[in-house]
Every structure is written in structure tokens, then in C-alpha cells.
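Student: Please build the complete structure, drawing on both the sequences and the hints.
Number of protein chains: 4
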Amino acid sequence: MGNSFGKLFKITTFGESHGVALGVTIEGCPAGLEIDENFIRTEMQRRKPGQSKITTQRKEEDEIEILSGVFEGKSTGTPIGIVIRNADQKSKDYSHIADKFRPSHADYTYFEKYGIRDYRGGGRSSARETAARVAAGAVAKMLLAHKGIEIQAYVSQVGGLALEKSYQELDLSKTEDNIVRCPDPVVAEEMIELIDSVRKDRDTIGGVVSCVIKNTPAGLGEPVFDRLHAELGKAMLGINAVKGFEYGSGFEGVKMRGSQHNDPFVKEGDQIKTTTNYSGGIQGGISNGEDIYFRVAFKPVATIMQDQESVNEAGDVVTVSGKGRHDPCVVPRAVPIVEAMAALVIADYLLLAKSNKLVDL
Amino acid sequence: MGNSFGKLFKITTFGESHGVALGVTIEGCPAGLEIDENFIRTEMQRRKPGQSKITTQRKEEDEIEILSGVFEGKSTGTPIGIVIRNADQKSKDYSHIADKFRPSHADYTYFEKYGIRDYRGGGRSSARETAARVAAGAVAKMLLAHKGIEIQAYVSQVGGLALEKSYQELDLSKTEDNIVRCPDPVVAEEMIELIDSVRKDRDTIGGVVSCVIKNTPAGLGEPVFDRLHAELGKAMLGINAVKGFEYGSGFEGVKMRGSQHNDPFVKEGDQIKTTTNYSGGIQGGISNGEDIYFRVAFKPVATIMQDQESVNEAGDVVTVSGKGRHDPCVVPRAVPIVEAMAALVIADYLLLAKSNKLVDL
Amino acid sequence: MGNSFGKLFKITTFGESHGVALGVTIEGCPAGLEIDENFIRTEMQRRKPGQSKITTQRKEEDEIEILSGVFEGKSTGTPIGIVIRNADQKSKDYSHIADKFRPSHADYTYFEKYGIRDYRGGGRSSARETAARVAAGAVAKMLLAHKGIEIQAYVSQVGGLALEKSYQELDLSKTEDNIVRCPDPVVAEEMIELIDSVRKDRDTIGGVVSCVIKNTPAGLGEPVFDRLHAELGKAMLGINAVKGFEYGSGFEGVKMRGSQHNDPFVKEGDQIKTTTNYSGGIQGGISNGEDIYFRVAFKPVATIMQDQESVNEAGDVVTVSGKGRHDPCVVPRAVPIVEAMAALVIADYLLLAKSNKLVDL
Amino acid sequence: MGNSFGKLFKITTFGESHGVALGVTIEGCPAGLEIDENFIRTEMQRRKPGQSKITTQRKEEDEIEILSGVFEGKSTGTPIGIVIRNADQKSKDYSHIADKFRPSHADYTYFEKYGIRDYRGGGRSSARETAARVAAGAVAKMLLAHKGIEIQAYVSQVGGLALEKSYQELDLSKTEDNIVRCPDPVVAEEMIELIDSVRKDRDTIGGVVSCVIKNTPAGLGEPVFDRLHAELGKAMLGINAVKGFEYGSGFEGVKMRGSQHNDPFVKEGDQIKTTTNYSGGIQGGISNGEDIYFRVAFKPVATIMQDQESVNEAGDVVTVSGKGRHDPCVVPRAVPIVEAMAALVIADYLLLAKSNKLVDL
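Residue numbers (the working numbering), protein chains in the order written: chain A, 628 to 988; chain B, 628 to 988; chain C, 628 to 988; chain D, 628 to 988.
Simulated from the structure, these hints should not be mistaken for lab results. Since the model is a prediction, treat every value here as computed from it, not as a measurement. Treat the hints loosely; a few may be bogus.
Unchecked claim - Here chain D is said to cover these stretches of chain A; the calculated rule only asks that three of the stretch's residues, wherever they fall, bring their Cβ under 8 Å from a Cβ of chain D:
no.	stretch
1	637 to 643
2	684 to 697
To be verified - Have a look at the derived ranges for each label pair, beta carbon to beta carbon:
no.	chain 1	residue 1	chain 2	residue 2	range
3	D	E879	C	K841	27 to 33 Å
4	A	E816	B	Q933	45 to 51 Å
5	B	T946	A	G787	41 to 47 Å
6	D	F666	A	E820	55 to 61 Å
7	B	Q672	A	A789	40 to 46 Å
8	C	Q795	B	A941	51 to 57 Å
Where a beta carbon is used, it is the ideal one built from N, C-alpha and C, also for glycine.
Tutor: Structural data, given as C-alpha cells:
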């Protein structure tokens with residue numbers, strides 16, 4: 628339980644940080660979609676470690692191999708199996724923590740739940756597992772591209788350093804121009820400096836990833852429990868290190884009055900639109916055709932390059948020493964993960980919406 | 628799709644605001660649990676309309692009828708069917724909006740999704756549906772009580788008026804002492820005044836509900852996608868008017884450094900505990916035995932007692948007039964709903980955790 | 628777990644034989660379908676007890692009440708809640724078996740599973756629960772009728788008395804002309820006599836229901852585990868008293884050679900057809916457009932009007948006396964239940980097939 | 628949809644006959660189970676092609692590679708990923724049927740469903756996919772062995788040649804002593820001769836696999852839709868070439884009277900047992916602790932070594948020539964597949980039954 632995501636466009640992942648391989652099975656991808664392996668590889672590059680001075684220096688190529696479900700370059704409707712071998716395992720980096728519970732990691736909770744754990748690099752709890760999601764998300768993105776739907780995430784905050792501008796005021800096409808993935812080049816530079824200084828302190832820091840989904844048709848969402856934003860929220864909260872999710876007006880919106888917050892409907896040409904979008908493109912849990920936007924809070928990474936006191940399985944006091952190669956801040960590498968999970972949600976809800984009306988059968 | 632919640636302890640709801648009845652089927656409640664109907668009724672009273680001057684003045688008794696699954700006062704393991712008849716329907720209140728799209732309601736999106744809609748009082752999109760959840764949540768609470776698990780929600784913010792104190796500094800037993808359900812009697816009074824003034828302006832305002840879950844055993848949660856906080860987040864985002872969810876350090880935590888944010892493990896007597904709890908009782912998506920706490924943002928209610936411009940199904944400009952009897956602020960009545968959904972999540976994950984270890988089989 | 632059936636067109640039932648009411652929630656019915664309540668009632672009449680001398684003489688009107696999901700005569704896409712009150716409960720008929728395990732009933736297994744049970748008339752294990760399925764199946768039938776799909780079941784065997792003719796040689800429109808629901812009037816008469824003589828012996832007898840589904844489009848089915856016939860099989864095996872399921876050539880087909888059994892493809896007009904249909908309209912778990920046909924074996928009802936030796940909860944030897952009013956043979960009343968479950972499967976797979984191809988999105 | 632099986636102990640498979648690899652992800656295996664890779668390999672050998680003169684002569688080693696979920700020889704509770712590379716693909720064997728629909732194969736139905744298909748050796752519809760199930764089933768068997776549960780299948784019929792004896796009269800430990808997997812050595816010899824003569828006729832023939840499950844505890848099964856036998860039936864009907872399933876008294880039982888068919892309860896020592904077992908170990912969809920037994924009908928394999936007339940995608944008449952290396956009768960190799968699927972069902976229901984009673988929480 629817990630390794631699958633989605634209902635019709637559904638993925639199931641397996642794999643530990645330092646096991647033989649990670650993998651994902653993608654079910655429900657409609658047949659006839661051109662599968663561009665290079666695009667999947669490009670997405671993997673955006674997530675992979677070692678891509679810049681502000682990410683972990685681990686080297687993993689994250690090479691994908693498609694095992695099934697694609698024939699002569701197109702999806703066949705059968706499950707797409709993908710594996711990603713773990714090349715740079717360096718298990719000895721982790722032997723020193725075999726029976727220790729690292730603070731704010733999942734060591735203790737996995738041990739309590741299962742009575743046994745793969746302690747190498749966090750095992751299944753490692754963010755390395757998200758590589759499988761990015762591969763699957765790339766397939767979902769190709770499906771969405773077919774419908775004109777675009778997903779763009781970017782770093783909007785690092786520590787206390789936040790973008791003031793809304794997504795409409797930014798040129799999101801510049802997001803990939805810098806290593807922190809912030810579309811404002813000036814703020815990006817400050818963010819990079821901040822992360823670099825945190826890294827030099829052998830510490831870590833949190834951040835926020837914002838995301839915009841454009842051109843979603845109206846009608847996606849499955850109330851009452853599987854509202855579109857509830858599933859987006861779950862998708863984001865299921866990413867390592869995430870502590871919060873808000874969409875549209877979010878937590879700030881609670882201060883507003885209804886008369887300000889309501890989004891007036893107007894007709895523009897053939898289409899019904901809203902003049903403001905505090906709703907974040909979703910009303911009653913169903914997309915209304917406006918931009919969907921949301922924000923995701925990431926805590927500071929728990930692995931720090933400092934000594935920390937903790938306990939081991941026996942309950943003895945021990946020192947956990949910071950070793951290995953870790954990210955001082957996860958948000959630059961989290962951008963493609965947020966996009967991948969958003970793509971998976973939208974692809975799934977697109978398929979779910981095919982049987983809503985009798986006239987469409 | 629979308630009307631069920633949970634995997635083993637699972638509910639399915641039906642019903643519209645102004646249909647014949649609402650209902651819920653509860654599956655997976657372990658056999659032998661004493662079902663106290665009066666407790667369910669008490670919970671229903673906390674949610675029902677018309678309970679104070681700061682809630683809607685609609686009168687609905689929300690009387691429950693248990694149709695199955697309980698025999699001689701105990702659960703039998705078979706599904707518990709509950710119905711709640713809609714007494715005070717007053718459908719004529721809604722005839723004036725039959726073909727109009729009320730701003731920031733679900734009228735337009737339901738129409739786009741289904742091509743047809745029950746316009747009376749929002750139909751299925753009405754928060755009235757949450758009555759069924761509160762009934763089911765009451766059963767889940769009885770199960771949790773059997774394990775000593777307690778869930779307490781309270782109003783921590785109305786508009787810009789926020790409690791400064793953390794839940795540890797508050798006496799949560801005072802929550803039900805005032806009509807706004809804020810455990811600080813002084814702030815509660817201010818909140819009530821604020822809501823009352825908003826009501827007199829024929830407007831609405833948002834708020835925040837905070838929630839604490841105590842005595843959860845370590846080991847609950849189903850990584851990687853169904854992390855305990857991801858499911859809690861989905862549960863909360865599935866409540867009407869919710870725009871955001873954060874747990875533990877939440878959005879504020881992004882400003883912290885790892886060295887501050889990490890929760891050190893220590894041994895206290897027989898138990899492994901943490902000295903701080905920025906993790907919010909959940910690490911790697913699995914409960915660690917510390918208090919679980921989270922915050923839920925509610926937007927200002929979309930129904931305001933003012934004229935608003937909008938369009939109808941034909942796209943013509945129309946005026947939507949505020950009529951009927953509505954809540955100026957939902958958070959006081961949202962407190963039991965938040966608790967109910969939290970109880971459903973914890974009950975479900977408690978059952979899911981029964982088969983984690985071979986030694987327990 | 629276990630009270631829901633279907634994935635997109637999905638039902639959840641609740642209710643015990645002698646509880647307050649039975650009920651069903653139907654999710655996923657496409658919006659805009661005209662819901663003919665009279666048709667549902669007609670289907671209920673076909674299943675209800677007391678309809679002829681060869682069925683139980685219990686009187687239950689099985690009156691349905693639609694609580695939600697239908698507005699101005701049409702489905703709205705939201706869940707359709709239906710309840711059926713238990714009018715003629717006569718619980719005292721069952722007090723004599725409160726702690727006894729009736730042979731070949733579910734008394735012992737429910738007790739072992741749950742440690743508690745509603746002993747009145749079998750509780751949840753009673754075939755009375757199928758009333759809820761027939762109501763839901765009627766809605767599914769209305770959806771299928773919209774696509775021209777027809778489902779016709781009939782009694783093909785009672786005890787050792789079997790119809791020799793295949794369904795193609797029979798006039799299925801005559802099925803409802805007699806009380807045993809066998810389309811051959813001569814054999815029907817013999818079956819009725821046989822059941823009546825068994826009834827006079829205070830005994831029961833088994834039978835077979837055959838079913839044909841016509842006009843199903845090619846392409847329905849979800850290999851590899853959810854093949855169309857696997858789901859049909861599960862649906863049938865989930866009906867009380869069913870011991871076997873076979874489709875197409877079935878158990879007899881094992882004696883054939885591939886060269887005989889293979890169904891040759893030919894083109895007829897625009898359509899690809901097969902000249903024989905040993906496949907039973909399903910190849911590789913997917914419908915091919917030919918008639919789907921299958922057979923369902925029902926054991927003799929366990930409740931007999933004779934004294935039987937058994938044990939009680941304490942393990943003491945006890946006598947179970949046949950009381951109450953029961954069916955000497957279930958197959959006449961099982962015909963609408965088989966049809967209902969078949970309709971639910973086909974409706975569900977029809978919706979699932981909407982997203983198979985990219986070109987259809 | 629359709630590539631997963633099970634609820635708590637759950638598998639998801641991918642892979643085509645002539646793609647790069649097959650694979651399976653096993654979720655929910657309780658942590659701490661010793662995983663004996665050699666046992667998995669032994670099970671794979673029982674299913675693999677080329678094992679005797681009466682099976683296909685294709686050579687596939689079906690070597691498994693465990694990619695995750697096992698650490699230091701034990702399951703960790705995280706998903707177990709297994710891949711099986713396709714070594715002996717010989718795709719050119721299939722080029723001659725690229726656009727032809729082979730009679731009684733899934734060529735036509737996959738094409739209708741998806742508009743595209745991997746024609747090489749049946750693609751996803753090939754029984755080769757069951758290799759992944761046997762690997763997963765081996766893990767389930769190891770879990771069941773831990774609880775003392777045993778599953779034994781055997782060939783009970785080939786063509787018209789059927790074992791007369793019931794499983795109680797046979798020595799099932801002799802099943803693996805001959806290549807047809809029939810525990811009666813005399814009948815086995817006749818079956819082998821029959822299959823060999825059919826093979827020489829360049830034809831195929833059907834058969835029946837019987838299966839017995841011993842030592843299942845009482846209480847497994849999830850009524851009303853997920854009865855234990857309904858899920859077993861679905862599991863079996865989901866195996867390639869299966870046309871029928873019956874358990875306990877099955878189709879023959881319909882001829883019996885209730886007074887004969889009912890299984891009397893008696894107390895033996897501490898345990899409640901039944902003196903007969905027409906119920907097949909399942910009452911009301913829940914195991915009663917007696918032996919569970921069932922029969923599965925397999926049609927003659929559709930691939931025959933003869934020329935057959937058919938049509939191609941354009942609807943033109945074409946000749947399909949029998950080429951490649953195929954099984955004249957599938958039942959000998961189906962024995963481990965039936966056992967694997969039965970093991971998966973029982974393992975899943977064992978876990979599901981952990982939360983039935985309040986006293987067990």
C-alpha cells in the first residue's frame with residue numbers, strides 16, 4: 628500500500644536509494660502516444676544530483692531503460708515499465724549509521740513500522756525514489772502536451788528570501804537559465820549566494836516551489852473527496868521534505884472578505900472566464916479553465932554536515948556525524964519533481980473526466 | 628469516483644443539499660466496537676447550522692438514522708449505513724439562481740463537468756455533505772478512543788486575527804466554551820465580534836482551524852505516496868472552502884536551517900522521544916509517536932448577502948443577489964469536520980499498519 | 628472491504644436481512660441519463676420473494692426510495708443513493724438459531740471472522756442483500772440500453788433437468804412467461820414440477836442460470852488481471868449460493884481440439900465477425916463484438932425444512948429445525964440478480980474503455 | 628487498469644512476450660520474511676518453456692533479478708521489484724502475422740481496443756506474462772508457509788481423459804514425478820500419450836487443473852462482493868486460456884438436494900469441523916478452516932501448427948500459417964501458475980483479516 632499513485636493514469640514505483648535499481652510501472656497511458664525517450668532523459672537531467680555547485684555532488688547518471696509498453700516509438704496501452712539502475716551506490720558511506728536514528732530522517736519511523744530497515748542512504752525513504760516519478764511524469768507531460776496543457780514550476784523562496792512578484796509578472800521561460808531555477812535573475816543570484824553560504828556553514832535551508840498549470844480544460848476533478856486540489860495537495864505532500872501546500876489565495880486568502888475574494892464571471896468571446904483568480908483555477912474541486920497555481924513548502928534537508936546527538940536502536944546516546952554528499956537546499960532539484968507529480972495528477976483527471984456525461988459515451 | 632475516502636476504514640457518502648437525504652456507508656469498522664448513538668448526535672450538533680448568532684440561521688436538526696451494521700449496540704464488522712434526512716429544504720430560496728453561475732461557487736464547474744446540475748443550494752457541492760462525514764468521523768473517534776488516541780481541533784485565526792500561542796500554551800479543553808471554538812477566551816471574544824461585524828456588512832471572512840492528534844502510536848503511514856501527512860492533507864483539502872494545509876513547521880519552517888529544524892532523539896524511560904517537534908509527529912510519512920499537529924486555511928465563504936455581477940448558462944450578464952441564510956465565517960462549524968476527517972485518516976492507517984511485520988501475523 | 632463493486636461505475640451496498648434497511652450507493656453513472664423509477668421497480672418485482680408458489684412465501688414489497696443523484700428525472704453525475712426498508716422482518720422466526728451454526732450457512736464463518744454476528748436471518752450473509760444489487764443493476768441496464776446493449780438471463784437447469792438447446796435455438800423473449808423463468812415452455816413445466824416436489828419433501832435443489840449479452844462493442848476488458856470474463860466471473864461468484872462459472876465453451880471446451888475450437892474471422896459487410904463463437908464473445912479478456920454468454924451454477928439452498936444436527940457457539944451438539952419461509956430453489960429469483968451483476972460489469976467496462984486511445988481524448 | 632492484483636498483498640506486472648523484459652512489483656509483503664531466491668527459481672523452472680517433450684520447445688531461462696525490497700535476505704516491507712529479461716525473443720518468427728488476426732487469439736481485440744498492438748508473439752496477451760506472476764506467487768507461498776498453509780495443484784483432465792479419483796484419494800506428493808503433473812502415474816502416462824499424439828497432429832487440446840489449499844484459518848474472505856471464492860475465481864479466470872472455474876461441489880452440485888449437500892458441523896477436540904465438505908472450505912464467502920478445493924478449465928491453445936483462414940487489419944482474407952514453437956496443451960505448465968495465483972489470493976486475504984475484530988487491534 629502506498630507505492631501507487633493515480634486511478635486511470637496510474638504509476639507504481641519500487642526501489643531503494645542503494646538497492647540494485649529503482650523502477651516505475653505506468654498504467655493507463657492511452658495507446659498511440661509518441662514516446663520521446665530523449666525528453667524523458669532531459670527531465671531526468673533536471674532532477675539528477677551533481678548538476679551544479681548548489682546541489683549534492685553525488686554523481687548519478689540516472690539512465691532510464693524502457694522495458695515494455697512502447698512499440699515502434701509509440702505507447703501501446705499496456706503498462707510501461709522503466710528501470711533506473713543505481714550506479715554510484717557507495718554503501719560504505721552509510722555503515723556508520725547502521726543502527727543510529729538520524730534526527731528528522733525516517734530511520735526511526737521505518738524501524739518502528741517494519742522492525743527492519745535498509746539503512747543505506749535512507750533506503751526507500753530517500754528522495755532518490757523521486758527519480759522514478761520524474762520518468763513517469765515525463766510520459767504524463769507528453770500526454771498533456773498533446774492536449775496543449777503546460778506545467779511550469781519554479782523556485783519562489785529560499786529561506787527568508789522570497790520572490791515578491793506573482794507568476795503573471797514573471798517570465799517563467801527564464802526558469803531554467805540559472806541553477807536555482809528562479810525566473811527572476813536578480814533574486815536567483817541572491818538565492819544561489821544564500822544556498823552557497825549555508826552549504827559552507829555545513830548546514831541546510833528550506834524553500835518554496837511555486838507551480839502554474841495552463842490550458843487545463845474545465846471539468847477536471849472528482850468531488851467530494853478527490854477534488855482536483857486535494858489530489859494535487861496529496862501529490863505534493865507525498866514528495867520528500869514537503870511541509871505545506873496551498874493553492875489560489877492560500878493561507879493569505881483567509882484574511883480577505885468574500886466580496887473581495889470572489890472571482891466574477893464574464894464572457895470573453897465564446898468563453899466564460901473570471902476577471903480575478905483567487906480560486907486558483909479550481910472551484911468546488913473542479914477546474915474552471917483558468918490557470919491552476921499552487922505553492923509547496925520544503926523544509927531544510929535533515930542531513931547536515933555537522934555532528935548531532937541522537938540515539939541508536941538500543942536507545943543509547945550516540946553521535947551522528949554528517950558525511951556523504953548532500954543538498955544544502957532541495958528546491959532547485961525539486962522543481963522537476965513538482966512538475967512531474969502535477970502532470971501525473973492532471974493526466975489522471977483528464978482520463979477520469981471522459982465518462983462524466985452521457986452524451987460523450 | 629471521488630465519493631469514497633479511506634482504504635480499510637472506508638466511507639462512501641451520497642446526497643445533495645436539497646435532495647431527500649444525505650448518507651454515508653462506513654466499511655471496515657472492526658467488529659465489537661460499542662456504538663454510542665448519543666455521541667454521534669453530539670458531534671452532529673457541533674456541526675449543525677443555527678447553533679449560534681455567528682453561524683447560518685438555517686434550522687436543520689441533522690437527525691441520524693443507523694440502518695445497518697450495528698447489532699445490540701455493537702458494530703458487527705458489516706457496513707454501517709447512516710442516513711440524514713434533509714428537513715428544511717426551502718428549495719424556493721434557490722430558484723432565482725437556477726441558471727446563474729454564482730461567483731466562486733461550483734455552479735459553473737459542475738455544469739461544465741456534467742452538463743446538468745442540481746442548482747438547489749449548491750447540490751452535491753454544498754458543505755451540507757460534510758454532515759455525513761461528521762457522522763462517520765464520530766464512529767472513527769469511538770474506535771480511536773479505544774486506543775487512547777485523541778483529536779482536538781480549534782479556531783486559531785479569523786481574518787487577520789490570529790492566536791499567537793502554540794497549542795501547547797493553550798488549554799484546549801476550553802475550545803467548546805465559546806461559540807467561535809477558540810480556546811483563548813479573550814481572542815475568542817474578538818473573533819466573535821469580528822465575525823459579527825462582517826455579518827452586518829453582509830460579507831464573509833476566512834479563517835484557520837488548527838488540529839492536534841495525541842497518543843498516536845509510531846508506525847502509521849504508507850510511504851511513498853500515501854504518507855500520513857499526505858493523506859491528512861488530502862482529507863483537509865477535500866473539505867469545502869479549504870485553500871491550504873501545513874503540518875509541523877509548515878510554511879514558516881522553510882526559513883529555518885536544518886541544524887535548528889532537526890528534532891533530536893532522546894530516550895525517556897522506555898520510550899524514544901524527540902526534544903522538539905518541528906516534524907509535527909511525522910517523519911518520512913510515518914508517525915513517530917509525538918503529537919501530530921497541522922493547520923487548515925479556509926477562504927471567506929463565497930455566498931455573500933450582496934448583489935454581484937455574473938453570467939448565466941447562456942453567457943448573459945446577470946445579477947446574483949445574496950439571499951438565503953449563510954455563514955459569515957465557516958471556521959466555527961468547520962472544527963468538528965476537521966476532527967472527523969482526521970479521525971477517519973488515523974483510523975484507516977491504524978488498520979493498515981496491522982500487517983506490516985511478519986511477527987504480527 | 629468487499630462491499631463495493633466496480634471501478635468507474637461503482638456500487639457500494641449495506642444492510643442486513645433483518646436490520647432497518649438495505650441500501651446502495653451508485654457512483655459514476657454518467658450525467659443526463661433518464662432514470663425511470665418504474666423500471667427499477669419492475670426489476671425489483673422480478674427478484675422479490677413471494678412472487679409464485681415455487682419461491683419463498685415471505686412477503687416483502689422491496690419498495691425503493693431514491694435519496695440523491697437524480698434531479699428532474701435525470702442522473703446528475705453525483706452518487707445515486709437508494710434505500711430499501713425491511714418491512715417484514717419477523718425477527719422472532721430466528722431466535723431459535725441465535726447461537727447455533729446452521730449447516731452450510733455463513734453463521735460459523737461470520738462468527739469466526741468477526742466474533743459477533745447478527746443472527747437474524749443470516750444478517751449480512753442473507754441473499755436479501757442482492758435486492759440492493761438489483762436496484763443498482765437496473766440503473767446500469769438503463770445506461771446499457773442507451774448503447775443498445777441487451778442482457779438476458781434464464782434458467783437452463785434445475786437439479787438434473789437441463790435444457791438441451793443452446794441460447795440461439797431458444798426464444799428468450801418467452802423467459803418471463805413462466806414462473807421458473809425457463810424460455811422453453813415444456814421444460815419449464817417439468818422444472819416447476821420438480822421444484823414443487825422438492826418443496827413438498829421439505830428439501831431444496833440447485834440449478835443453473837445462463838446469460839447472454841448482445842451488442843457489446845469490441846474493446847471492453849482490462850487485461851491482464853481484470854479480463855472481462857474474470858470480472859464477470861467474480862461478479863457471478865459473488866452472488867449467494869454460486870459454486871461455478873463458465874463462459875463460451877466452458878468446461879466442455881477442454882475436450883475439444885484447437886482446430887475445432889478456434890473461431891475463424893470473416894468480414895461481413897463492414898464488420899469483422901467470427902463464424903463460430905466458442906470464445907463466448909471474449910478473446911484475450913477483451914470483448915470482440917460477438918455475443919457474450921456464460922453459465923452460473925447455484926447449489927441447493929442450505930435452509931431446508933428438516934431437522935439437522937449441528938453445534939452451537941459453545942460446541943455443544945444441537946438440533947437445527949427448519950422454520951421460516953424459504954426458497955426450494957433459488958434460480959428463478961436469481962435470474963434478475965445475474966442480469967444485474969452482468970449489467971454492472973458491462974457498464975463499468977464501457978466507461979473504462981473511454982480512455983484507451985489517444986485519438987479519443 | 629488491470630495490471631494489478633490484490634489489495635494489501637498486491638502485485639503489478641508489466642511486460643510483453645517479445646519486449647525487453649517482464650517484471651512485477653510486489654507490495655505489502657510483511658517485513659522480516661526470509662526470501663529464498665532459490666525457491667523462486669525452482670518455481671520459475673516449473674513454468675518455463677522447454678521443460679519436456681510435451682511443452683513448447685522454446686528455450687527461455689526465465690532468470691529473475693530482484694531489484695528492491697529485500698535487504699540481507701529478508702523482506703523490508705517496501706515493494707519488491709523483480710525483472711525477468713526476455714532472452715530468446717526471435718521476433719522474426721512473428722513478422723508473418725504482423726497485420727493478421729490469428730483466430731481465437733487476442734490480436735483483433737487488442738487492435739480494436741488500442742488501435743495499435745505489439746504483434747510479436749501476442750505482446751502483452753501472451754501467457755509469457757504469467758512468468759511474473761509465478762515469481763510473485765513464490766513470495767506469497769513463502770509467506771503462507773510461515774503460517775503452515777499449503778497449496779497443491781495438479782492436472783486432473785486432458786481432453787476427455789479425466790481423473791476419476793478425488794484429491795483425497797490421490798497422493799499429491801507424486802504430482803511432480805511426471806511431466807504432465809498428474810498425481811496418478813497410470814493416468815499421467817495416458818495423458819502424456821494423448822498430448823503427444825495431439826502434438827503430432829499439429830493440433831492442441833484443453834484440460835483441467837485442480838487445486839487444494841490446506842490449513843487455511845477460518846475467517847478469510849470479504850463478503851459480499853469479494854468473497855474468497857469470488858476472488859479465487861477471478862484470479863483463475865485471469866489466467867490465459869481459462870474458460871471456467873468451480874469450487875466445492877461446483878456444477879455437479881446443482882443436481883444435489885440441500886439435505887445431501889449441507890455439511891454437518893461437529894466438534895473434534897477443540898475444533899469445529901464439518902463431516903463432509905461440499906462447501907469447498909468456504910461458506911458465505913469466508914473460509915471455514917476445511918480444505919479449499921477448486922477446478923479450472925483451460926481451452927485448447929489457439930496456436931496450432933496448421934494453416935487457418937482469417938482476415939487482416941484491412942479485412943482481406945489471409946492464411947495464418949502455424950509457425951513457432953508452442954504448447955500442444957497448456958495444463959502441465961499451468962499448474963504452477965494456478966498455485967501462484969491461489970497463493971496471492973490467500974496471502975492477501977490473510978492480511979485483510981488482521982483488522983476484523985476490535986479485540987485484535
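Student: Output the indices of the hints that this structure fails to meet, ascending.
Tutor: none
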